[in-house]
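Going down the list, the protein sequences come from chains Y and H. Position 29 (the first sequence) corresponds to 29 in UniProt numbering; numbering is contiguous. Position 9 (the second sequence) corresponds to 9 in UniProt numbering; numbering is contiguous.
No lab work stands behind these hints: they were computed from the structure. A portion of the hints provided could be inaccurate.
Pulled from the structure, derived: some chain H residues nowhere near chain Y, Cβ distances all over 10 Å [what the hints assert, rightly or not]: (1) W37; (2) D73; (3) G75; (4) D83; (5) R119; (6) S155; (7) W183.
Distance windows between CB atoms, simulated [stated by the list, open to error]: (8) A189(H) to P168(Y): 26 to 36 Å; (9) G95(Y) to A78(H): 54 to 64 Å; (10) W256(H) to A42(Y): 40 to 50 Å; (11) P20(Y) to R166(H): 56 to 66 Å; (12) R85(H) to V272(Y): 23 to 33 Å; (13) A48(Y) to W256(H): 51 to 61 Å; (14) V272(Y) to R258(H): 20 to 30 Å; (15) E82(H) to A189(Y): 34 to 44 Å; (16) V27(H) to E39(Y): 54 to 64 Å; (17) R258(H) to V108(Y): 39 to 49 Å; (18) A189(Y) to V108(H): 50 to 60 Å; (19) N218(Y) to D253(H): 19 to 29 Å; (20) R79(H) to R258(Y): 32 to 42 Å.
Sample of chain H residues at the chain Y side, in silico, Cβ under 10 Å [to be verified]: (21) R111; (22) P129; (23) Y130; (24) A132; (25) D158; (26) D162; (27) E232.
The structure displayed is predicted, hence computed values, not measured ones. Backbone N, C-alpha and C define an ideal beta-carbon position, used for all residues, glycine too.
Number of protein chains: 2
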Amino acid sequence: MNPLSRFSINQMTVKQLALPELTEACVRLGVPAVGLWREPVAEYGLDATAKLVRDAGLSVTSLCRGGFLTATDEGDRARALEDNRAAIDEAATLGTDTLVMVSGGLPVGSRDLVAARERIADALSVLAPYAAERGVRLAIEPLHPMFASDRCVVSTLDQALDLAERFPADQVGVVVDTYHIWWDDRAPAAVARAGATGRIHSFQLADWTTPLPAGVLNGRGQLGDGAIDMREWRERVESAGWTGFIEVELFNDGLWARDGVEVLEETAGRFVDCAG
Amino acid sequence: MNPLSRFSINQMTVKQLALPELTEACVRLGVPAVGLWREPVAEYGLDATAKLVRDAGLSVTSLCRGGFLTATDEGDRARALEDNRAAIDEAATLGTDTLVMVSGGLPVGSRDLVAARERIADALSVLAPYAAERGVRLAIEPLHPMFASDRCVVSTLDQALDLAERFPADQVGVVVDTYHIWWDDRAPAAVARAGATGRIHSFQLADWTTPLPAGVLNGRGQLGDGAIDMREWRERVESAGWTGFIEVELFNDGLWARDGVEVLEETAGRFVDCAG
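Isolated chain Y (complex conformation) (with noise of 0.2 Å):
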């Protein structure tokens, strides 16, 4: 069996990679499968990236991102529905069925995280029956909890299922990220409620490095290089009945420093040493 076989690259771990070049490298180094964003596809072309990695014969795991839905101004939470509506579109031209959501931080001067938190519920509430007519699933991905004033006020996955089980399973679940979920000590119970639910959508695998960089958004590690045991959460979210692509999402700026082929055999190797 091809020890790629489960393996997924997403399109920000290489992102010095036109789209071209990045589908070329994948099927020379038998990657099956992608995880796209939306900023390089529309740069690109929505139909122009579709029919790219439909003629290369590549899975479309997830596309990144929508989400950022805990705005209060009104005219904001109406462009950011619009937005998300349009993300969810995208996704189901790009013939993937999972939209990755970064649900937001808390907007300037709020300190309110429960109030933000229910409008994510409230947005959601608009969005997954759109999504599921297109045949696209929302995944809310905890983000790590340094994040949570800025970026995502959902920071565990015990948060993510609470409000992804207010609907049906096959419209809104979560991802299980690795980096952002490896500290938590219930986590492994989390994802074995998830995927007791069938709300596991996603599973992305990045390593825990120190120390972080300003801003701390590009330290995402390579694998094995960081804390974070791969094997044994590869083997924690298969026990809880996740049978898809597994995706490597680094944000790192020495990676992107080097030339993207060879990051991306790199880290398709380190797949196989550390998860495979």
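We have chain Y already, so just place chain H on it with the hints.
Then chain H, alone, in the frame of chain Y:
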């Protein structure tokens, strides 16, 4: 009533002040209490510091810090226990009943958080009775999950309580520090749990501001500058039974670059404005 009657300034907040400058400014400004750190105390002299704060009529609300109990190497573990016994003795000499414990991160090359947490429990079983004989309580401080690999594998208040509750409440408790737990939707219940069992041994305030600096250690925000509702947290912790001093502990390069007395005055003012 003096609006600062419950205020304690942690020495680290104004580390640019020598101990005599700090105590003099506290007396002049009506600040009744200080939290001390071992390194500057050792630098000024343990007995000299004890006399200085005693003569100034200041309460010492805590000593930072013991801990770092996760080593696997036997020699390292023995040295850590010895260092913690010394810290306990220093706390007793300084006249504080509370030693703050920062438990320690993962040993180099280890990815086993569960085992590391067990080694902390093993060490506490040795240190807690030693501390109790000297009238000192060990206060386990959960640190923000962004420190889980390199500083403290105890990341939530519930985890800290799971450890503390293995011991008598007058021997081992927890630190409630807003900076580390503000994001956690389970923290309010954990504060109630800690209060109900008499486990709140220290209450510290710092605000959450972004972007985080490289290394993330020195990004603790001045009260009122960030995402945390200080008054809500004070009410929450006092509702759980806390009647002691409230320490403000900020690690912040910007504050350290300014005049220390000015920062102390500002911090006292923010305490009154945001948590008074």
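So which of the earlier hints does this model not fit? 6, 7, 12, 14, 17, 18, 22, 23 and 24
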